Amino acid sequence: MFRFERHLLTIIFASLFIFGCSDKDNNTESFKAAPYLIDIPFPFPTNLNIPSDNPMTVEGVNLGRFLFYDGRLSGRTHPDSLMSCGTCHIQSNNFEAGINHPLFQGGYVHGISGEKTTHVMLPLLNLVWNFSGYGWNGFLYADNPDPYFTSIEDFVRIAVTAENELMGDTIQVKNLFQHIDGYPVLFEKAFGSDIVTFDRIEKAIAQFVRSLISTNSRFDKYIRGELQLSQSELNGYVLFTTEEGADCFHCHGGSANPLFTTHLFYNNGKDTLFGDQSDRFSVTGVEIDRGKYKAPTLRNIAFSAPYMHDGRYKTLDEVIDFYSSGVQLSPYIDPLMHHAVRGGVHLTIQEKADLKSFILSLQDDNFLVNPEFSVPAKFPDDK
Amino acid sequence: MNAFKLLFIALFFLILTSCSKESDEKVDETGSIILKVVHTIDSQILKKDSLIYKNKAGNEYLISNIQWFISDIELVKPDGTTIKPTIDDGVFYVDTDLISTCSIQLPGLPSGEYIAFKFTFGLNELANTNYRFVNPPESFMFWPEYLGGGYHYMKLNGKWMNQDGQLAPFNFHLGIGQNYYEKSNGLTDYFDFGQSSSYTHCEGFNPPYSLPEVSSFVQNYFEVSQNIDFSVFQESDCIIKLEMQIEKWFDGEQSYNHNDWGGSIMQQQNAQEVARKNGLSVFHLSVDNF
Chain A
1 MFRFERHLLT IIFASLFIFG CSDKDNNTES FKAAPYLIDI PFPFPTNLNI PSDNPMTVEG
61 VNLGRFLFYD GRLSGRTHPD SLMSCGTCHI QSNNFEAGIN HPLFQGGYVH GISGEKTTHV
121 MLPLLNLVWN FSGYGWNGFL YADNPDPYFT SIEDFVRIAV TAENELMGDT IQVKNLFQHI
181 DGYPVLFEKA FGSDIVTFDR IEKAIAQFVR SLISTNSRFD KYIRGELQLS QSELNGYVLF
241 TTEEGADCFH CHGGSANPLF TTHLFYNNGK DTLFGDQSDR FSVTGVEIDR GKYKAPTLRN
301 IAFSAPYMHD GRYKTLDEVI DFYSSGVQLS PYIDPLMHHA VRGGVHLTIQ EKADLKSFIL
361 SLQDDNFLVN PEFSVPAKFP DDK
Chain B
1001 MNAFKLLFIA LFFLILTSCS KESDEKVDET GSIILKVVHT IDSQILKKDS LIYKNKAGNE
1061 YLISNIQWFI SDIELVKPDG TTIKPTIDDG VFYVDTDLIS TCSIQLPGLP SGEYIAFKFT
1121 FGLNELANTN YRFVNPPESF MFWPEYLGGG YHYMKLNGKW MNQDGQLAPF NFHLGIGQNY
1181 YEKSNGLTDY FDFGQSSSYT HCEGFNPPYS LPEVSSFVQN YFEVSQNIDF SVFQESDCII
1241 KLEMQIEKWF DGEQSYNHND WGGSIMQQQN AQEVARKNGL SVFHLSVDNF
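Residue numbers (my numbering), protein chains in the order written: chain A, 1 to 383; chain B, 1001 to 1290.
Here chain B stands alone, though its shape is the one from the complex (with noise of 0.2 Å):
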């Protein structure tokens, strides 16, 4: 009986002992990170479809709405080592008309202080493959074979007041970008992408018998990259705000004026070029103290 009850002493305390050892083992280093992406001009939460918006070229225009894709995130430890979220396959979509887009959870980061955020805007060339996704909203994203294929980097959809007066439509859609030979078919290459507008870029356009041929694609995705202090811990989300300033998109290193540029630019490079350069000074990240 005695034999019985120490037998069972011990196996109680094997038990206990083992329970206690588990739950040592099970010490969770990691956070997340909520990156709140928010679309402002000027300081302000974008207020759609109203004509309330100026840009240095002079040009009043309102916003309609914005998809578009981030990707490869980085976050940079103070001893320069980097984590990457590998949550969604590392590609995000953002949709102005789908605000649980806007929120974007990022779980499984080690705890610790980070001093830099780095991402991608659109998709880089390895990502950028045709079909990658066949769910909407992702895949209404896709950007036309004939064009470099893959998926718009953004949509931004919204009007203009023309020099005519005329509140007109355009598509700030950057991708892509395609260099055309100056001839094509024999017959004489009167489109002129670079001085393109809205009357012009148009007229006369006959493809794909007169269409120039594409000479070579061009990638105009940029990283984005910013020194930013935060930390991740393991008892609550980090949350980190990403403010894509849309009025520096016309505003950046080089005016953009619609004017110039007319309603669609998927196949003017020169566009996407202006784009890429100003979108470097686009986005700001900070530390969302709510």
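So that you can see chain A by itself, here it is in the shape it has in the complex (with noise of 0.2 Å):
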């Protein structure tokens, strides 16, 4: 009996110690991703958005790199029809198509088909920050009843797939990557199986978006008590955080909200009329949401044109006269927008100087030639 009962305690043991191996190696004995830190300044937010089941490693981040510059993105391999991100999303041009675009005149976007996006583009920068949704009504959203519709990971599979944008199949993505000489090592590396699913294309190429962050313009050096401001970009900061000056700053930040944004959406006052059906109301059916968009950020707003959802200003210089001088008044203008009974903030010809000295202060040009963030030398197939 107490033979049996030893050799018992044996098989016991040795089943457990099998098990415990085999499990491991079926999930993370050999999957050993390293965490990809941000790095933080401050006054930048601490809290990062970043999904519980898409945590950021260097080896995603790295494939989310070749995903996002990568033409084959759009399931296809024939040289006219390849598109990616990085097609429209340029990196001097703060990851938008820019007015200067060699295939999208005016910064106006169109996909593979040639049927226009819907609004032109928002840049992708310090998206890691944004907690109110992505695109300009904010159509995903994390507590969105739809799941499909809550993240940048979503943004991914929409713009594959979209008519107006690369226009793909998702099976027919996922297949041509698995059989793309150096994916599926770098899939291994990533998320431990060199299996290509479109859900971990989803999770690399977010990474990659999460990893565009912009914390070092003129402004940022300024606040860090790194260089001095010129005299000129320090009047117009008075002029953006003052209620009597351009009153920029509810909405687009200041030094204590260094993403130049709240991400919130807001009527800003361009129509009274409101028959766009993308808008905020598209997404939360309240009626005093019609004409109300995302503020985006300032950061390297000059390279951003054309400005407004629709891209109805083609200069800076537009869209400050528009703030000075064109706001027009309507039942569903926002509040803050209080200037709007006398048509703007009405800026003289150097105040709008000045403030346009401060907003191109906001310019990170490291961020713009970031080696990390540019379109790989070579793709994994590369020789």
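Derived by calculation from the structure, the hints in this document are not laboratory data.
Hints may be right or wrong, so weigh each one.
To be verified - Just a few of them, taken from the derived set where beta-carbon distance is under 8 Å, the chain A residues facing chain B:
id, residue
1, N47
2, G135
3, V238
4, E243
5, T262
6, Y266
7, P331
8, I333
9, P335
10, M337
11, H338
To be verified - Over 10 Å on every C-beta distance to chain A, these chain B residues come out as not near it, computed from the model:
id, residue
12, S1043
13, I1087
14, I1115
15, P1144
16, Y1181
17, S1255
None of the values given here were measured: they were computed from a predicted structure.
C-beta atoms are modelled at their ideal positions from N, C-alpha and C, and glycine is treated no differently.
Each chain sits in its own coordinate frame; assemble them with the hints.
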């Protein structure tokens, strides 16, 4: 009996040992992705919007960068049918198409089919600090009852499949990348498996997009005490942050909100009639949300033309002129646009110049050329 | 064998008694308060974006949203001693668009009777420092450095039917005020903060060249104190309702006419002063029986 018990114990321990090893091998024993650490300079927010099911890793961001720029993300290989995120999101143009894009005249983008996108682009930067929904109308948001419209990951799927963007097929795309030399190994490194799934494609690209961080403008350096701004820039900053000046700060931030956006939605008085089927109202169904759109960040804004959701303004000067004297009062205008009763903030020529000087001090040159964000010199299958 | 049994029994009792002693020491004599913040107009829960309200100055108005800070909460016991909840550094953000911020949990309070509740509307000068909050939504409340820095005590945004029949936006934003020199850089100061209106107070304003220089800043926060009997029990939360009676911002000690003050008052200390005085009667605390 005693001998039987001893054998039984041996069998149990041996089984535990075997299953324990086997379990580890199947999961994470050989998968050691390195956490991607984000340097958060003061006074940037310490809360980051990184989904718990897609933590950022060095390998994930690296894979995401390849996928972001690989034209085969459309699921096609013919040179005329290549399209990727990077086709429209140009680093030197603040990850927008830019008004000088060779394919998209005036910065108005369209997909492979030739169909134009609903709105012009928003920049891809500092989205790791955005908790208020993605897109001009915030149609992707965390607590959306539709679980397929919540995150940057979902944005990737939407962009790949939309007729006015890549017009691809998720199965075709993942099958294609499964058979491109070098990619399965990168998936293995990023996700612990060399099986390419579209879910992993979404996650990798979303990780790369979250890594696109801009914290090093002239203004950032001024706040950190590393340089002095010009008198014109400082004058512009006072205008920017005073109600009786240009009154930009409530929606577009300042030194204590260095994102230079609240990521919230406002009707800024561009119109008095609202026919756009993709405004904030289309998401919330709340009547007062008609004509509301996300306040975009002003970082690198010089490269983000054309401006407003419909790209109606081609230059920063036109935008400043609008806020100075072109604001239209309507029942839907945001209360923060209190200058609307006079048509705007009424800036002098000098004030407009100073305000523009300050806004241009939010330009982060390093971000626009950072090699970590650039088109890879070689793709995984390049010899 | 008997000795082994005795030793076992002795050890068993030792363990039992030590457990019993430990549980005696763990008697918890603290409880929690849940501060339920409600925003009302004329005793009714605020109906946002509805032009159904009228102040004593005759302004028809609506309220779109309110964000504000409550800080320095103090609970007064019958013997006069005070208890300060220390959670969240003593500063709480309330936002009518974020329902979760309208319920403030104050745990770890000594059980017993209390006779009064105090708090600061906004933040005092020690608490109101630049970059105190780096994360939204609190960070969105920053008050520009040029105007005194720190944070808005409150953003109350709405619209009123102005004298020209326009539904005009107003920002009733309270925070650090400014006193200005009469002259600035040798230029004539046309800017009369005391008598400005939506039509005149921005006219010709030409910062920074003719921006009147700030001579001093004014702390406009104020303390709210109300006698109220309530008890904190360890068994259940004490629920206290904190009501912001919005209409009293405009109908308090001094009538506030939007046509006089216009849409923006961050740079109008006289308006801030009216708000501060009226604010003393804005808040009402009651024990909630639900």
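Here is how each hint holds up against the structure:
Because the closest C-beta pair between N47 of chain A and chain B is about 5 Å apart, less than 8 Å, the hint holds. For G135 of chain A, the shortest C-beta to C-beta distance to chain B is roughly 18 Å, which exceeds 8 Å, and the interface hint is violated. Because the smallest distance between the Cβ of V238 of chain A and any Cβ of chain B comes to about 5 Å, under 8 Å, the interface hint for this residue holds. Because the closest C-beta pair between E243 of chain A and chain B is about 4 Å apart, less than 8 Å, the hint holds.
Taking 8 Å as the C-beta contact cut-off toward chain B, the hint placing T262 of chain A at the interface holds, the least distance being around 5 Å. Because the closest C-beta pair between Y266 of chain A and chain B is about 11 Å apart, greater than 8 Å, the hint is violated. The beta carbon of P331 of chain A comes within 6 Å of a beta carbon in chain B, closer than 8 Å, and the hint placing it at the interface holds. For I333 of chain A, the interface hint holds, the least distance from its beta-carbon to any beta-carbon of chain B being 6 Å, beneath 8 Å.
Proximity of P335 of chain A to chain B holds as hinted, the smallest CB-CB distance being about 4 Å (cut-off 8 Å). Using the Cβ-Cβ criterion of 8 Å, the hint placing M337 of chain A at the interface with chain B is satisfied: the shortest such distance is roughly 6 Å. The beta carbon of H338 of chain A comes within 3 Å of a beta carbon in chain B, closer than 8 Å, and the hint placing it at the interface holds. Interface exclusion of S1043 of chain B from chain A stands, the closest Cβ pair being 24 Å apart, more than 10 Å.
Interface exclusion of I1087 of chain B from chain A stands, the closest Cβ pair being 18 Å apart, more than 10 Å. No beta-carbon of chain A is positioned within 10 Å of the beta-carbon of I1115 of chain B; the least distance is around 39 Å. The claim that P1144 of chain B is not at the interface with chain A is violated, since a C-beta of that chain comes within 10 Å of its own (minimum 4 Å). Listed as a non-interface residue, Y1181 of chain B keeps its Cβ farther than 10 Å from every Cβ of chain A; the least gap is roughly 16 Å.
The claim that S1255 of chain B is not at the interface with chain A holds, since no C-beta of that chain comes within 10 Å of its own (minimum 21 Å).
When the structure is compared with the earlier hints, violations turn up for hints 2, 6, 15 and for no others.
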